[in-house]
Amino acid sequence: MAKKKFVVAAFDDEAVLFPAVKKVRMSGYKIHEVYTPFAVHGLDYALGLRETSIHTAGFIYGITGTCTALGGISFILAYDWPLNFGGKPAFALPAWIPIIFELTVLFSAVGMVLTFCYLCQLAPFVKKHHFNARSSDDLFVMVIECTAKTNVEDLKAFVTSSGAIEVNVQEAETEWWLGTYDKDQRLIKDSHVEVA
Amino acid sequence: MHLKYESQLREPLVDGIKDYHQVTEDIVRPIEVKPSKLWYICFFISVAFLMFGVYSVYREVVYGIGQWNVNKTVGWGWDITNFVWWVGIGHAGTLISAILLLFRQGWRTGVNRAAEAMTIFAVMCAGQFPIFHMGRVWMAFFIFPYPNTRGPLWPNFNSPLLWDVFAISTYFTVSLLFWYSGLLPDFGTVRDRAKTKLRKKLYGILSFGWIGSTKHWQRHESLSLVLAGLATPLVLSVHTIVSMDFATSVIPGWHTTIFPPYFVAGAIFSGFAMTQTLLVVIRKVYGLEEYITMGHIEAMNKVIVLTGSIVGCAYLTELFMAWYSQNKYEGYAFWYSRANLFSPYGWAYWAMMSCNVLSPQIFWFRKMRRNLMVTFFMSVIVNVGMWFERFVIIVTSLYRDYLPSSWTVYYHPTIWEVGFYLGTFGLFFTCFFLFSKYFPVIAIAEIKYILKTTNEGFKAKVGGLEAQPVEEFAHDYAH
Numbered sequence: 670m671a672k673k674k675f676v677v678a679a680f681d682d683e684a685v686l687f688p689a690v691k692k693v694r695m696s697g698y699k700i701h702e703v704y705t706p707f708a709v710h711g712l713d714y715a716l717g718l719r720e721t722s723i724h725t726a727g728f729i730y731g732i733t734g735t736c737t738a739l740g741g742i743s744f745i746l747a748y749d750w751p752l753n754f755g756g757k758p759a760f761a762l763p764a765w766i767p768i769i770f771e772l773t774v775l776f777s778a779v780g781m782v783l784t785f786c787y788l789c790q791l792a793p794f795v796k797k798h799h800f801n802a803r804s805s806d807d808l809f810v811m812v813i814e815c816t817a818k819t820n821v822e823d824l825k826a827f828v829t830s831s832g833a834i835e836v837n838v839q840e841a842e843t844e845w846w847l848g849t850y851d852k853d854q855r856l857i858k859d860s861h862v863e864v865a
Numbered sequence: 091m092h093l094k095y096e097s098q099l100r101e102p103l104v105d106g107i108k109d110y111h112q113v114t115e116d117i118v119r120p121i122e123v124k125p126s127k128l129w130y131i132c133f134f135i136s137v138a139f140l141m142f143g144v145y146s147v148y149r150e151v152v153y154g155i156g157q158w159n160v161n162k163t164v165g166w167g168w169d170i171t172n173f174v175w176w177v178g179i180g181h182a183g184t185l186i187s188a189i190l191l192l193f194r195q196g197w198r199t200g201v202n203r204a205a206e207a208m209t210i211f212a213v214m215c216a217g218q219f220p221i222f223h224m225g226r227v228w229m230a231f232f233i234f235p236y237p238n239t240r241g242p243l244w245p246n247f248n249s250p251l252l253w254d255v256f257a258i259s260t261y262f263t264v265s266l267l268f269w270y271s272g273l274l275p276d277f278g279t280v281r282d283r284a285k286t287k288l289r290k291k292l293y294g295i296l297s298f299g300w301i302g303s304t305k306h307w308q309r310h311e312s313l314s315l316v317l318a319g320l321a322t323p324l325v326l327s328v329h330t331i332v333s334m335d336f337a338t339s340v341i342p343g344w345h346t347t348i349f350p351p352y353f354v355a356g357a358i359f360s361g362f363a364m365t366q367t368l369l370v371v372i373r374k375v376y377g378l379e380e381y382i383t384m385g386h387i388e389a390m391n392k393v394i395v396l397t398g399s400i401v402g403c404a405y406l407t408e409l410f411m412a413w414y415s416q417n418k419y420e421g422y423a424f425w426y427s428r429a430n431l432f433s434p435y436g437w438a439y440w441a442m443m444s445c446n447v448l449s450p451q452i453f454w455f456r457k458m459r460r461n462l463m464v465t466f467f468m469s470v471i472v473n474v475g476m477w478f479e480r481f482v483i484i485v486t487s488l489y490r491d492y493l494p495s496s497w498t499v500y501y502h503p504t505i506w507e508v509g510f511y512l513g514t515f516g517l518f519f520t521c522f523f524l525f526s527k528y529f530p531v532i533a534i535a536e537i538k539y540i541l542k543t544t545n546e547g548f549k550a551k552v553g554g555l556e557a558q559p560v561e562e563f564a565h566d567y568a569h
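Each protein sequence line maps, in turn, to chains A and B.
Per this note's numbering, the very first residue in the first sequence carries number 670; after that it's consecutive.
Per this note's numbering, the very first residue in the second sequence carries number 91; after that it's consecutive.
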């Protein structure tokens, strides 16, 4: 697979990172990704990422669970093998609510976690290219994609002036781990997206 | 430079001057050094208990339920008592991680990981009891609705016992997923620090290849929030359903509508007590006093006094209703079998009353809430009391049936019933010791997230940046 070149800039404070993200994007560079040790709220927005729709998936899984439970129990108790409990109706919905609820939660939770793992390509034995090992400790690592036209030295100087404490250039294979989500991120120059 | 502001008056959730790296160091170091002698001793004691439990269960499986003293009248004895007790303990973790997440309680971050682990292990212990109570455990799979050659003969979906099967297994699965998805980033941190090849490999597998990209974090946050939203009603539903095992019957002493809220409050009560027991020890042994602060201990003690009082209120309501209904069977169950100190099991009722209702009232005093010895002692007392609560509910309602001819002799457990219970303690602590040795016991990423708003050192460092006018700040970063 094709190798891509990245400028990797590490910041030690998210307070410096935010303005840097804004500056880099305003100058028309494409930020491949920012790796952070914890969830920095608002960073997804600053990067121009779209909202995740994983909760919609969760809703769909939940509804599937509800239907499975309701359909399954009513088939079993009202159609396949109706039992006579003191002449009470075979379709005893109130008594089924607990299991319907439990299956709704179960389907939704399991489905969402599997979807999460699939979207983020997380699984046991998966190993991804790690641009900076300290990004899981105390550094916020901004990875900027270089094109043929990019002047790497200029870019390095530019991110250093934006507050990066460490800058280096790395090459990485464009494997599946690069993901497809970066298509969502639009360059500020190309569109009418505004930062605020 | 943060969207979440905390009042300066609030007690910091992380003591001491910390930066992000220091947080990683403090939490990961205990799992990177060799286990101490004390750890090995405690671990092997737990394993010994577990082995005794395995042997007790082996006897039950091979020779049958007759190994226990349960009989036709007291059909549910120690086994179901222990089941309800463990399930109750298993309620604190998901309550802390889910409900307190929705309520935006910052203090949950210090304690949620250990509490969730405790939940999972407690539910594992709880599950053993109904499974082996079935007697012919090799037919346990009959409880699942699957097309079979017996008709097909289905389980009864109208039965609370089947609701229990679904509730407990769902609760276990969802708690496990919630816990593990929170662990992924922290395993990533441990992996990236690992010095040896084996640790790198092992934590690499456990971390699922997490590298902390912004998009992943965004999904992770969304996932946690929705899982919390799902787990919140789930926590409440599980013990509600357990209470319905009793409440939907027509046994005097069980047949009460107050059971669901009363059981849920009791579950939170005992779960928080168990969390305290473990955290007071862990924070000391691993030197995590700066993360599990006195503020955390105090907050949990407040929950204990609240839920303990709710439980006490429920006990008194039951006594009142037994009198007010003027039903003689109800009156017998509550006023003779339980509240009368001189009835055969009166001592158990009053042990429960003094442990669960009277003694937690000590936590109305701030000094007591912030006293570690008192906290530890009380946390054990509460769980003793909560065990007696389940014992009282089960045995005092059963041992004198409607007909005096079916009254049982005094029920007491055999050594194998006790052994089974001790075995689950062994299982619980074996798992917990392994967890505390190999897993980060505090959610590292979550602590880092709250560090800025709650830690003195950071407040000083970013003070200048926070002087930025609000409008400009909002313009730049707000959603």
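In case anyone wonders, no lab produced these hints; they're calculated from the structure.
Keep in mind that the hints are not guaranteed to be accurate.
[What the hints assert, rightly or not] Dumping the calculated EDC-like pairs for lysine to aspartate or glutamate here, alpha-carbon to alpha-carbon at most 20 Å:
#1 B:K290 <-> B:E115
#2 B:K290 <-> A:D806
#3 A:K797 <-> A:D823
#4 A:K699 <-> A:D823
#5 A:K674 <-> A:D823
#6 B:K285 <-> A:D806
#7 B:K290 <-> A:D807
#8 B:K285 <-> A:D807
#9 A:K825 <-> A:E814
#10 A:K691 <-> A:E720
#11 B:K291 <-> A:D806
#12 A:K691 <-> A:D681
#13 A:K825 <-> A:E835
#14 B:K374 <-> B:D116
#15 B:K374 <-> B:E122
All figures in this text were calculated on a predicted structure; none of them were measured in a lab.
Outcome of the hint check:
This hinted pair checks out: K290 of chain B and E115 of chain B have alpha carbons roughly 17 Å apart, not beyond 20 Å. Simply put, K290 of chain B and D806 of chain A have alpha-carbon atoms about 15 Å apart, close enough for the 20 Å limit, and the pair holds. Restraint check: the Cα-Cα separation between K797 of chain A and D823 of chain A comes to about 28 Å, which exceeds 20 Å; the hinted pair is violated. Only pairs whose Cα atoms come within 20 Å are accepted, and K699 of chain A paired with D823 of chain A is accepted, the gap being roughly 15 Å.
Restraint check: the Cα-Cα separation between K674 of chain A and D823 of chain A comes to about 15 Å, which is no more than 20 Å; the hinted pair holds. At most 20 Å may separate the alpha-carbon atoms for a hinted pair to count; K285 of chain B and D806 of chain A meet this at roughly 15 Å. Distance hint between K290 of chain B and D807 of chain A is fulfilled; the C-alpha atoms sit about 19 Å from each other, no more than 20 Å. Among the hinted pairs, K285 of chain B with D807 of chain A is consistent with the structure: their alpha-carbon atoms are about 18 Å apart, no more than 20 Å.
As the CA atoms of K825 of chain A and E814 of chain A are separated by approximately 12 Å, the hinted pair is consistent with the 20 Å bound. Distance hint between K691 of chain A and E720 of chain A is fulfilled; the C-alpha atoms sit about 18 Å from each other, no more than 20 Å. Taking the CA atoms of K291 of chain B and D806 of chain A, the gap is near 18 Å; set against the 20 Å cutoff, the hint holds. Distance hint between K691 of chain A and D681 of chain A is fulfilled; the C-alpha atoms sit about 16 Å from each other, no more than 20 Å.
At roughly 10 Å between alpha-carbon atoms, K825 of chain A and E835 of chain A fall within 20 Å of each other, so this suggested pair holds. Only pairs whose Cα atoms come within 20 Å are accepted, and K374 of chain B paired with D116 of chain B is accepted, the gap being roughly 13 Å. Simply put, K374 of chain B and E122 of chain B have alpha-carbon atoms about 17 Å apart, close enough for the 20 Å limit, and the pair holds.
Going through the hint list in order, the structure does not satisfy hint 3, though it satisfies all others.
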